[in-house]
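Based on the sequences and whatever the hints tell you, model everything.
Take a look at the letters that make up each chain.
6 protein chains.
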Amino acid sequence: MPVCVTNIARPSAETLARYEGAEVATIHEAQGRKGLLASYMRPIYRPACISGTAITASVAPGDNWMLHVAVEQCQPGDILVVATTSPCEDGYFGDLLATSLKARGVRGLIIDAGVRDIATLTEMGFPVWSKAIFAQGTVKNTVGNVNIPVICAGQHINPGDIIVADDDGVVVVRREEADSVADSADQRVDNETAKRERLAAGELGLDIYNMRPRLKEVGLIYVDQKDL
Amino acid sequence: MPVCVTNIARPSAETLARYEGAEVATIHEAQGRKGLLASYMRPIYRPACISGTAITASVAPGDNWMLHVAVEQCQPGDILVVATTSPCEDGYFGDLLATSLKARGVRGLIIDAGVRDIATLTEMGFPVWSKAIFAQGTVKNTVGNVNIPVICAGQHINPGDIIVADDDGVVVVRREEADSVADSADQRVDNETAKRERLAAGELGLDIYNMRPRLKEVGLIYVDQKDL
Amino acid sequence: MPVCVTNIARPSAETLARYEGAEVATIHEAQGRKGLLASYMRPIYRPACISGTAITASVAPGDNWMLHVAVEQCQPGDILVVATTSPCEDGYFGDLLATSLKARGVRGLIIDAGVRDIATLTEMGFPVWSKAIFAQGTVKNTVGNVNIPVICAGQHINPGDIIVADDDGVVVVRREEADSVADSADQRVDNETAKRERLAAGELGLDIYNMRPRLKEVGLIYVDQKDL
Amino acid sequence: MPVCVTNIARPSAETLARYEGAEVATIHEAQGRKGLLASYMRPIYRPACISGTAITASVAPGDNWMLHVAVEQCQPGDILVVATTSPCEDGYFGDLLATSLKARGVRGLIIDAGVRDIATLTEMGFPVWSKAIFAQGTVKNTVGNVNIPVICAGQHINPGDIIVADDDGVVVVRREEADSVADSADQRVDNETAKRERLAAGELGLDIYNMRPRLKEVGLIYVDQKDL
Amino acid sequence: MPVCVTNIARPSAETLARYEGAEVATIHEAQGRKGLLASYMRPIYRPACISGTAITASVAPGDNWMLHVAVEQCQPGDILVVATTSPCEDGYFGDLLATSLKARGVRGLIIDAGVRDIATLTEMGFPVWSKAIFAQGTVKNTVGNVNIPVICAGQHINPGDIIVADDDGVVVVRREEADSVADSADQRVDNETAKRERLAAGELGLDIYNMRPRLKEVGLIYVDQKDL
Amino acid sequence: MPVCVTNIARPSAETLARYEGAEVATIHEAQGRKGLLASYMRPIYRPACISGTAITASVAPGDNWMLHVAVEQCQPGDILVVATTSPCEDGYFGDLLATSLKARGVRGLIIDAGVRDIATLTEMGFPVWSKAIFAQGTVKNTVGNVNIPVICAGQHINPGDIIVADDDGVVVVRREEADSVADSADQRVDNETAKRERLAAGELGLDIYNMRPRLKEVGLIYVDQKDL
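Chains as they are written, first to last, in my numbering: chain A, 1 to 228; chain B, 1 to 228; chain C, 1 to 228; chain D, 1 to 228; chain E, 1 to 228; chain F, 1 to 228.
Everything labelled a hint here was simulated from the structure, so no lab data went into it.
Mixed in with the good hints, there may be bad ones.
To be verified - Dumping the calculated DSS-like pairs for lysine-lysine here, alpha-carbon to alpha-carbon at most 30 Å:
#1 E:Lys216 / B:Lys140
#2 D:Lys140 / D:Lys102
#3 F:Lys34 / D:Lys140
#4 B:Lys216 / A:Lys102
#5 D:Lys226 / D:Lys216
#6 F:Lys195 / F:Lys226
#7 A:Lys34 / A:Lys195
#8 D:Lys140 / C:Lys140
#9 D:Lys34 / E:Lys140
#10 D:Lys34 / F:Lys102
#11 B:Lys34 / B:Lys195
The model shown is predicted, which means the values in this text are computed figures rather than measured ones.
Listed below in structure tokens is the structure:
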């Protein structure tokens, strides 16, 4: 039975605000190296960096009907996440749907399928991460689901989860873990800033991370090329 | 027997003019969702948007000899379309051939293989859609055909057909259907402009396209998350 | 037994200087169409064009420990070349390692795996050619080798070889052949400049390369479309 | 924190028995076209057809340590399901692990990575569905998780779910839905048997499914080729 | 306007008979190295070797409705050829449709998409060449076309053309060229039989094909390894 | 300058004999997890298991001329290894060349490209490991090299190296290391036989390899599902 779930629980505005400008690699590390979507998900233009609340849609191959249902469920600060029930590279999404989403304050689209009108989307500044760029049209015959848990590019995504996307790709954070992950990310950023300065000054990672003893332990040998 | 067909029938200048600035997705829809080349055909730089008359070349894998024969058949407003007789990603085409085509008024290259010198091609403003970017050189040993029908990236292309290419990919329009497709495309553009304004104003596609009754008919249920 | 080879033989500064601004396609042709890395090696931003001396690292899948060992072996003018012992697309390298390499005067990274933090790397102007862009993190558990011969993207690369990389991809030149290849490349550039002018003036490759007799010999027939 | 969950809830013996000899395509249809693993999951030999209870393992790329932990959690009637935390094609599994699993009554392996020793596995009659066949060895350095929910080849799989695998691929059935899906599958099999006989007798699907009126409605036209 | 073309022109029984047992590689060579479908088209079981007349169907992604329309157009000696309007790997075809086709004397299926129930198809001895094996189901919503020219796995195929398929892949022969291609194929087989005997007796291809003078001409040098 | 190296140094008959029946996974481990060709190299039929001395050929894309030169360099116990100078899937090799190689006592073919006539090769019992099966023909225009070092499917292979190939894939062993690798392989086989018996008797790898203390050390926790 096809369903559209309404009034989903969202992270608080305070929590969402902590993800502004967050980087995918940092968040991925901060939550223990999980939640990354497959590397084939690429932004249609660069640089692009967004975060927001997932509204999910599960669609049939070659059929974008449900996207219109999903649009109505979107609020400012949301990101639309689209998964297909069978692999498909068709162009489900173009500038008209982007205009509609933008009018509702949606921050971007994550779609495990194709997108089109990318020149116009780029001009509009509406960011999309997709599996393909393909002008191939879709139909509006088959009903699907909105705001159910989906698997998108290899990751389980629930409506209300937080999505972070940048030039490196896309990562999902569980709503319940959003604050603790943000805490870890903040610590990580601070830590990296300090290390970056030392590295820029010419100090070596071998010394900063104290790697030399362990390298000796595992048997790494230094040999001058002239002695080979 | 290898052949080079000369003096091919081309669309009229008036017809070609109707395709200036045309978008691939629009043309694809306007002609009933057909004619799109495979999604692996990508532009070497963006934005890029061209249309013109197809001059076709069928070449052996790793052999670009026939491109030189094809150049001579090109006129201002043409687009060179290259298909290989076996899959190949070698770099058939670089800045010298581009200089030659540009001198003849050719608008771009569509090649189901590789291309090289793309930094120079980008500086020259000579657009190419290709399957690969690869510096791998080719030889000039095997004769092929010019201006015969070819299959390029999954589409049948005749010499004299119209090619439209932009950031979304490449589409072919049969010469005989060029005016009727242009008519449909014009209508489509007008129609989309009106819809874009309504969507930008916040109206929903669900209402503009009157989708609610049919969604009810196919059984879509709206459920508040709190009631799950 | 894991090894890090130190004090590798490098090309002379004079030799290296001859490769400044060299193009991959030209070098590939100049050395007899060899040495090209696979076409999946793409720059993270464009345009990008570097040359330098290869420092090589062989790393386990999903483990970037050895990169820190490799950093210490790098000098100004070097390029770090990373190969994995099993195919892997993880993000071995990000902005911290780039900061460290930049501090040592390294010109760029060639990695047959994934890279992350590409927005920051782009801002820093630190060029990378990689198989993938992927935020997936790596660990530091398994020791590998530095400055041994590696196979990277299908090519054998020795420490001390010359790497040239641009928008077309990456090519390796053996250190022992570096001067003779540079000679051939210089001749080739001169030769192409002359041809480019003739082609720009409208002369045909068919005539410049005197192809017409041989085309006749192999049986190419010219047929007017009206006579088909 | 790495975890191994013990004493997972399993389907009853009666429920499992209903899946003996079940076909993947039938089960997939019976549960509303969901639960199919990606088509790259192929059996190492054919024919092969198994069903059983999922024991799940989440492993690091190139590291098969956790498989040994998972073995201990297996009982007769189980199927080991292995997912990697990053894409990997290494050969995690060979004849020694198969010997161990077979000794515990395990029916087969589903692994979103590589497998090796397939000649011996074939002789042993131990079926495996994998993404790759690759002799590349793995290490035992990184701890993972056993019997947590995993995403394997694009599907969410919980420990205790039912796995059905045959020459067509692999499908997962939620433990809670196992009986109702078995009911639907039984009906489907009965229904197909009747249809198969009519089709074998020469009756057409067009008539059996009463498709002609609807084809007329959507405008399908029959034209004799001589009238084109 | 969707169309089903009836009463297509077929090759004569005499012509078809000449293709019994023909091999794909031989036919491909006999017609000048053209007509081969892409190498991703693989048989579901081996050995398999068929030839027959193409009945073509063009179907929407994920929709197999038109296959039922196509079945009615099939006669003994036909082969069903299915192309999709957008790339798709779903399982359009299973044992019920195979039962129906077999009842009509159809010799096999060529489908640029997925197939399922392959264990049963193998038992039935109904051969299929496909892009994928995938249990993913399809719907019956969208009308398509039967017996129009299609592009299947990169080749243009007309209804009434001859299809030859074996363990190497699939090749298409134009109906109008069927007799002349059969003539060339017969000559080729005779020629190869003679050569096979000489090669089996230890004679070298270098001598049989008189390659030594030309190898000398292009500069091949023989060097004893001891003299390197 | 194209070259064919003659009278290459081969391993002794005694050394070669030690590799009879050797398994790829065992040899790969025995030499420290190196030397494996890419996982896309698959046997055309199974089971297949060979070992022998590499004769190498480097060929142009789509051109099999050099294979005839290579045949003459082959002796009983050799295996022909073919690499292309640019990626290519054409069918370089069929039953005529196999007949010729078989007449010379060659044990099989390793080719980083396509092969054809596989039904006949299977009947002949001539094993081939290839990247593709494709009937696409090749020409004989471009000279290459025989018995020079090549890179085949990602591995460096010298003429005279030992090749081992089975259902798992292909591995290369340096000629100089052949005896020491055989020693390690023998030890490994003995070791595995003992372990196989213990595992078959139901003993766990956790105990045989004494993994429990280290798992505790890295923090693995066992939790009963009822306590979650």
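Results of checking the hints against the structure:
{"no.": "1", "hint": "E:Lys216 / B:Lys140", "verdict": "holds (20 Å)"}
{"no.": "2", "hint": "D:Lys140 / D:Lys102", "verdict": "holds (22 Å)"}
{"no.": "3", "hint": "F:Lys34 / D:Lys140", "verdict": "holds (17 Å)"}
{"no.": "4", "hint": "B:Lys216 / A:Lys102", "verdict": "holds (26 Å)"}
{"no.": "5", "hint": "D:Lys226 / D:Lys216", "verdict": "holds (22 Å)"}
{"no.": "6", "hint": "F:Lys195 / F:Lys226", "verdict": "violated (34 Å)"}
{"no.": "7", "hint": "A:Lys34 / A:Lys195", "verdict": "holds (24 Å)"}
{"no.": "8", "hint": "D:Lys140 / C:Lys140", "verdict": "holds (14 Å)"}
{"no.": "9", "hint": "D:Lys34 / E:Lys140", "verdict": "holds (17 Å)"}
{"no.": "10", "hint": "D:Lys34 / F:Lys102", "verdict": "violated (50 Å)"}
{"no.": "11", "hint": "B:Lys34 / B:Lys195", "verdict": "holds (24 Å)"}
In the structure shown, a violation is registered for the earlier hints numbered 6, 10, in ascending order.
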